[in-house]
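Engineer: Chains as they are written, first to last, in this note's numbering: chain G, 1 to 307; chain H, 1 to 259.
Incorrect hints may appear among the rest.
Stated by the list, open to error - One-sided and incomplete, this derived list gives chain H residues near chain G with beta-carbon spacing under 7 Å:
#, residue
1, Leu5
2, Lys90
3, His94
4, Val100
5, Ala101
6, Pro102
7, Leu197
8, Glu199
9, Gln202
10, Glu224
11, Gly256
If you're looking for bench data, these hints aren't it; they were derived computationally from the structure.
Think of the CB as a built atom: it goes at the ideal place given N, C-alpha and C, for glycine as much as any other residue.
If you want the building blocks of each chain, they are given just below.
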Amino acid sequence: MKALQIENLTKTYRNGFSALKGINLSVEQGDFFALLGPNGAGKSTTIGIITSLVTKSSGTVKVYNTNIDDDSDAAKSYIGLVPQEFNFNGFEKVKHILITQAGYYGMPAKPAEVRADELLHQLGLWEKRDSPARSLSGGMKRRLMIARALVHNPKLLILDEPTAGVDIELRRSMWLFLKQINSQGTTIILTTHYLEEAENLCRNIAIIDRGLIVENTNMKSLLNRLDKETFILDIKMPLPASFSLPHINYHSIDDHTLEVELKQGDGLNTLFSLLSEQKVEVCSLKNKANRLEELFLALVEKSDATL
Amino acid sequence: MNSKLRRHSVAFNTLLIREIRRFLRIWPQTLLPPAITMTLYFIIFGNLIGSRIGQMGGFSYMQYIAPGIIMMAVINNAYTNVASSFYSAKFQSHIEELLVAPIPNYLILAGYVAGGTARGLLVGLIVTIVSLFFTHIAIQHIFITISMVVLSAIMFALGGFINAIYASSFDEISIIPTFILTPLTYLGGVFYSISLLPEFWQNVSLFNPILYMVNAFRFGMLGESDIAIIPAFAIIFICIIGLTSFALYLLNKGTGIRN
């Protein structure tokens with residue numbers, strides 16, 4: 001079953017800006033799906049239309065087979081949204097925000113309170129339940145937004161850059177939490193600028209640029225398409241004057257740093273053999289960019305070139 | 001009760017409770033000022049000046065202005081509550097909590113209007129209690145009194161909602177109360193009987209809806225009015241229907257809240 005099905009979706013704003021130019025997208029039930037794209041590509045507009053915050057110009061959107069035009073109430077009840085910006089009333093108590101949101105979805109006060117308590121514990125907000133939301137730290141506010149989106153037990157959770165501005169420790173704990181709720185059956189759609197996040201979490205991916213879907217595939221096959229990888233090597237001693245790496249693209253960034261581009265299938269062993277032969281000792285090695293990032297940039301650049 | 005109706009009823013109650021909790025939480029801004037302002041009205045206009053004015057419409061001046069002052073507090077607070085609450089929700093974007101939820105627009109409107117009406121009526125009750133320290137009030141027509149104060153609060157709560165939909169800054173939610181609502185209230189027969197005005201201004205006053213509310217409410221409390229009661233109710237009903245239809249039209253269109 002499809003959790004989300006979008007057909008020929010367009011959106012032109014009143015000022016004439018065409019944010020979506022007829023996108024088609026489908027997300028399977030239970031998927032962890034990444035919707036990526038540069039700033040202004042149309043990600044937030046797409047999410048806005050799915051969640052009824054933005055009015056579409058044309059096209060159809062179905063959530064769990066329910067057309068948002070035919071039965072918007074039913075479609076909305078399937079969705080939980082974590083928006084990009086903090087959008088709660090900072091003067092309200094944390095627990096009231098959750099209980100109120102559950103009430104909007106028709107959950108009576110008692111079960112809403114039980115569900116809110118459960119989420120407050122799960123997301124480490126229990127101690128802050130009676131504090132006004134504005135007094136929370138940035139990371140806690142992000143967690144509050146996730147708790148609020150989950151309070152009515154949605155089947156489809158949409159996260160619009162949920163880890164923006166969140167420190168790495170908290171980001172990783174949020175990844176674990178999201179993986180856990182996905183494994184329990186919640187379909188997740190994620191937009192993020194941290195491509196490492198998408199690569200780690202998502203099974204399928206769509207890349208949107210200038211209102212068009214430029215790629216829609218599964219993560220594995222996309223990453224397999226990567227034909228080269230760039231590595232940064234820290235070298236113990238300065239490179240000898242006669243240093244060379246035959247048939248390999250490389251350049252030295254400084255006396256102790258080497259950037260090497262390897263084609264898929266070249267393997268690291270060849271590189272290390274060549275380095276050993278020339279008595280070059282490597283202290284450490286890392287990817288210049290993560291694999292998805294390299295592909296993402298290549299796809300977006302390709303899309304730019306065709307425009 | 002079917003499940004959809006039950007869900008909607010929970011959603012409406014939730015919104016109403018949130019609105020009530022909001023104005024109770026900030027009671028020094030919402031409940032205290034009208035109590036102080038209206039006490040000053042009673043002291044200055046009712047006691048100090050009123051004692052020199054003598055009787056009006058067969059009642060002491062204090063008794064005569066009491067219903068108008070109560071009504072003034074009700075309509076101002078009903079209006080301001082919805083205007084500021086809905087605009088704040090837009091400004092802080094937490095209106096999105098409602099827009100993404102399965103709540104029909106008419107329930108969003110009903111929830112905010114009920115919240116504004118609740119504040120208007122609570123402030124009305126506070127001002128009535130304050131007035132009892134200054135004068136004796138005996139309600140003559142309980143049904144007219146209650147129905148008029150409730151309908152007036154609803155009407156002005158609707159007005160506040162429409163104001164908030166169009167507002168794009170906090171200034172814009174104070175313009176109408178300052179430049180339209182306050183003059184209409186002062187010219188709506190709160191402090192005087194329109195029979196004291198020249199005929200031309202009496203006729204002009206008839207275009208002021210607040211005149212009908214104040215007088216119908218005064219009739220309910222004192223049994224005295226400058227205008228007929230049935231047309232007063234008819235006008236208020238028509239205004240409520242018109243404002244409700246317009247507010248729903250704006251909500252359905254997404255004016256000021258959806259891109």
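Engineer: Take the hints in turn and mark each one as holding or not.
Structural biologist: Now the hints, each set against the structure:
1. Because the beta carbon of Leu5/H sits about 10 Å from the nearest beta carbon in chain G, more than 7 Å, this interface hint is broken.
2. Evaluation of the Lys90/H hint against chain G yields a violated restraint, the C-beta minimum of about 11 Å exceeding 7 Å.
3. For His94/H, the interface hint holds, the least distance from its beta-carbon to any beta-carbon of chain G being 5 Å, beneath 7 Å.
4. Satisfaction of the interface hint for Val100/H is found here, the shortest Cβ-Cβ separation to chain G being roughly 5 Å, below the 7 Å cut-off.
5. Residue-level restraint check for Ala101/H holds (minimum Cβ-Cβ distance to chain G is 4 Å; threshold 7 Å).
6. With 7 Å as the threshold, the beta carbon of Pro102/H comes within range of chain G, its nearest partner Cβ sitting at about 4 Å, so the hint holds.
7. With a cut of 7 Å, the hint placing Leu197/H at the interface with chain G is violated, because the nearest CB-to-CB distance is about 45 Å.
8. For the restraint placing Glu199/H at the interface with chain G, the shortest Cβ-Cβ distance is roughly 50 Å, beyond the 7 Å limit, so the hint is violated.
9. Interface restraint check for Gln202/H: the shortest CB-CB distance to chain G comes to about 47 Å, outside 7 Å, so the restraint is violated.
10. Among the interface hints, the one on Glu224/H is violated; its C-beta lies about 44 Å from the nearest C-beta in chain G, farther than the 7 Å criterion.
11. For Gly256/H, the interface hint is violated, the least distance from its beta-carbon to any beta-carbon of chain G being 13 Å, above 7 Å.
The earlier numbered hints that this structure contradicts are 1, 2, 7, 8, 9, 10, 11.
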